[in-house]
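Note that the sequence shown covers residues 1 to 631 in the UniProt record's numbering.
Do not take every clue at face value.
Below, simulated DSSO-like cross-link-like pairs (lysine-lysine); rule was C-alpha separation at most 30 Å, straight line [said to hold, decoys possible]:
no.	residue 1	residue 2
1	Lys141	Lys123
2	Lys24	Lys205
3	Lys608	Lys582
4	Lys315	Lys185
5	Lys592	Lys608
6	Lys24	Lys128
7	Lys315	Lys390
8	Lys425	Lys390
9	Lys106	Lys205
10	Lys534	Lys592
11	Lys24	Lys190
12	Lys608	Lys486
13	Lys24	Lys13
No lab work stands behind these hints, which were simulated from the structure alone.
Given the structure is predicted, the values throughout are model-derived calculations rather than measurements.
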Amino acid sequence: MESEGVLLPLFHKHLMMPWSDVRKGDCCGRLEPISDGYYCKICDFFVHKKCGESPECIQHTSHSIHTLELRRYTGLRHCDLCERLIVDLYYRCDICSFNMDLHCAKYPPPPEVIDISETHGHKLILLKTKIQFYCDAKCGKMAYGFPYLCVECDVYFHVDCVWQPPEVEYPSEVNHYSHSLHPLKHTMGKLPDYSDGTCRLCTRKIDERLFYHCSSCNFTLDMNCVVEPPPQSFLDSKAHDHKLTLLPRLRTFTCNACGLEGDRSPYICIQCDFMIHQDCLDLPRLININRHEHRVARTSVLGVINSVCGVCREKVDWTCGGYSCQRCPSYVVHSICATREDVWNGEELEGVPEEEEDIEPYVVIDDNTIHHFSHKEHYLRLSDNCKDNKHCNACTQPISLESFYGCMDCDFMLHQNCAQLPTRKRHVLHNERLTLVPSVTFSVMLVLECPMVSNKEYELCDGCDRRIVHALICIRYDCGFTLDFKCTTLPQVVKHRIHDHPLSLFYGEEASGKYWCDICEAEINTRSWFYTCKDREASLHTKCVLGDFTGLMPRSTVEVDGRLCEVVLNNSMSRPFCRTCKSHCIYPIVLKMLGTADEYICSFQCIKLSKLPRVIRDDNARNWLRGPSYV
């Protein structure tokens, strides 16, 4: 093989030059201990020297009964030894349908017996027959292949989980296309003080245990970009109409795809003065996001002046690309925001038909009468006068002073707003579209303590003055106003039998003096929200007004500790007596234990102190109950 170039017809159509490069070979898809090989600059194609010199036929200890012949990859096949997908050439026995990739052909197979006494007390035997098994190592995954077996314990292990081939010996120097001026030297230890500590190509932080560096140019690559570097150039109509070329240098730029700044190694099109982040090359064209009801499409220029991102609410550069809605001309989203894991489900919708139009939640009978899908038995009539203490069958909250639809033949009621809820909706807490369903049977989880333990200092809720994990934060005006989900859903106006007038949430101003709750007679923390009337004659804790069981429908039956309880309105002249706290129940909804002599439970805390379980099954519930509830 001459130094000016070699031809490897089985691998590549162009002449290839001798080359030293620490990267995965396009021949076998593996990283080799020795980096000698052959490289085609035209196609950015690298072949290991050992792979390029592979004989046409071999005898191998893993399949000694027949000769193995060198074949070119056709179709989807896996190596019968390592289970990895075959990249290019491989060895095959047609008699036994046995396939082996070039890497396994060049290196000795895993030993038949190994001793891993530091993690398992017995010797392991390599099975010669493929089986389905669960790996007993840390990965714990199910697999199909040739595992190691412990005969005494009858447990199985992935080969890769218990045995490793000889470590890769990285060359001291490599030539890399991204830095052709000088070789990059293999370095272990602390980076020079003048380095910014990140990889020139990918911006990831350098692992100081292993990297390549050029001290003359202050050029550093991490091992990932040495082994699997981004392509020098490529043509992809999704990213740009023309060929894009990698510019491997420090340079501040504004990405034309997302409108955000970058500081190094963009792909560029000189013809269009176009620059793009490497991470923006594979942006999808058409997607759904959980912040908008319609699909949003990728566009090269947003064109909406003074626009604000529909996700982060920050300003959008209208001269750059992003995502926009064809139905709502003013709705635009940063590319990086639209493709976040908590916003997008990862599905590309180009070529996928649109979903059918949503079904209306009800049929209009006349100006005041509807036929709602959740109550097919009878018609509902609009009203604004609810004299009794009734609850909405959708949200389970009291009807209070709001307009509502009431059944003309039974006690079924819906707030007007609840009746108008769409049958399908997107929500920020879930990436898939949600479907509105009527009452179904399911379990309600009663969380009494936060399951997440962390040393992080969480924000304080401006509604209840408690630390929170998941919050809604005002970011448009940078005022720092923060609410947890419970305070966000508090009703703004309620009615309570203790006072004749409507009670409203008191918030947004400093309360002067002391306030005392007219229900529990304890002092109110004025930094928290509470209910009061216009003339401040009454003041009440939110919890005293709503209680812990406000999410359960009155007159339904729930199961606590295997015992049935009835959800009861606490509206009689004499208040029931709680079996746990030994006090008269003050909350509007309590649980009555069936089959007992009037035993009641009034709160989450009383369930906890009674050592009752934290799961309540409610055959008619429509909400997840979480505690401890309100202030």
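### Message
Let me make sure I understand: some of the numbered hints might not hold for this structure. Which ones are they, in numerical order?
### Response
Hint check: 4, 7, 9 and 10 fail, others pass.
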